[in-house]
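Asks: Full structure from sequences and hints, please.
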Amino acid sequence: MSAAEARAVGGFELQARDGAARAGILHLAHGSVATPAFMPVGTQGTVKAVSPAELEALGAEIVLANAYHLYLRPGHELVQRLGGLHRFMDWQRPILTDSGGYQVFSLARINEVSDEGVWFQSHIDGSRHCITPELVMEIEHALGADVIMAFDECPPGRADRETAARAVERTQAWLERCVERFAELTADRATQTLWPVVQGGTYSDLRLESLHRATELRDWRGFGVGGLSVGEPKRAMFEVLAGLSPALPESGVRYLMGVGYPKDLLEAVRLGYDIFDCVAPTRNGRNGTAFTSSGPVNVKLAAWREDGGPIENGCGCWSCSRYSRAYVRHLFVAGELLALRVLSIHNLYFLVDLMRRARAAIQEGRLDAWVDDWLGRYGAEEVESVSQ
RNA sequence: GGGGCUGUAGCUCAGUUCGGUUAGAGUGCCGGUCUGUCACACCGGAGGUCGCGGGUUCGAGUCCCGUCAGCCCCG
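When the letters of the first sequence are read in order and numbered with numbering that gives the first Met the number 0, they come out as residues 0 to 387.
FYI, nobody ran anything at the bench for these hints, they're computed from the structure.
It is possible that some hints are incorrect.
[Said to hold, decoys possible] Listed next, the in silico DMTMM-like pairs over lysine to aspartate or glutamate satisfying Cα-Cα at most 20 angstroms (straight line):
hint, residue 1, residue 2
1, Lys262, Asp371
2, Lys47, Glu335
3, Lys47, Asp17
4, Lys262, Glu238
5, Lys233, Asp371
6, Lys233, Glu215
7, Lys299, Glu335
8, Lys262, Glu231
Bear in mind that the values here come from a model prediction, so they are computed numbers and not experimental data.
Replies: Quick look at the structure:
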């Protein structure tokens, strides 16, 4: 890929390497994304409890939304009629849509997977729908995200080899159909970029096969690595990531889907992965857990009752610049809505900022030392040394 | 002065009719969990001389007597 192609819409511009780790810029129709990067999750076209202005202020450059959920409600055609997802949710920076492949896994009770596609029963009203790779492309095209993910099958993390192999097979067949339908839909203009998803469970050879077959199909500017952090042992996840990383083309951005917690992000960055998404910062935030550089903390703890310090000393986020731990704890204990916003913003800032700092460390060639130092602090202090 | 109702977990109350394992619930308190979001959710823990004192009984939160406290009614 030429330098010009890397800078074109959809291209990934690799700027620096430090060991296996990379720093780069992802160029998309609605702007660029500096990597490594964390993408806040906005499943239903909104990052729960956080406004677009707040997302911008905390430094998010791209958010994720979900095709499956938006198809069911309010409907992708409705979103398209109202000017597309960017306008609908008032977010003018890049958006990546997930296909709904993960929902095949997470909502497995109410669906049937076949070669044709997936029969879902709506979790909202019980109505039945057949989701095919072609339909997923139509949904994601209508929503208008900058990056759209191919429809994949995401088996449970402890799936046996046969199940994982079958998921690779089906994911590949669906990818071919996605490519075909996507080409028809975007024949006139190419503001969207499609990325495949590598599957293969915890079997490194299946992972390589999945990647190989996807790259045989065509050149890609990005690769999703899916089917991880879905119940498999953590060691197995990192073995897969380490085995797959050298085989991934340098010219494509690597998206590790669904990961994760601060530690996992840094380890994955070190292995050469570039972008991430995870519900952890927002969901944990809503449930009262704050990320801090010395580990996650339950803010409802009695120890915070009269703590006048910020959630994290030195944190540059909106929440920490205003509120004391005692106040945040009070908001949670009292069941106040502001509590959800305060911690969601803090946790998102924490991860976005962590990636920003990892990027700087890569550009300065000091990632390993920085990560080791960071991990040494994280969780080093027992639960929490009450600050002041 | 007479009569009635109520006293069980920090709080609000079940359980008392017709006695039967370690007395329950909700809430609060304390703690844990959450990885391409059905989720302000889920899981767990601590906490009670059943107002007090007698009696009956193999066995009493439950039955009997006395007593204290709160509320109500009648004089």
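Asks: Provide an ascending list of the numbers of those earlier hints which the structure does not satisfy.
Replies: Of the numbered hints given earlier, those the structure breaks are 3 and 6, listed in rising order.
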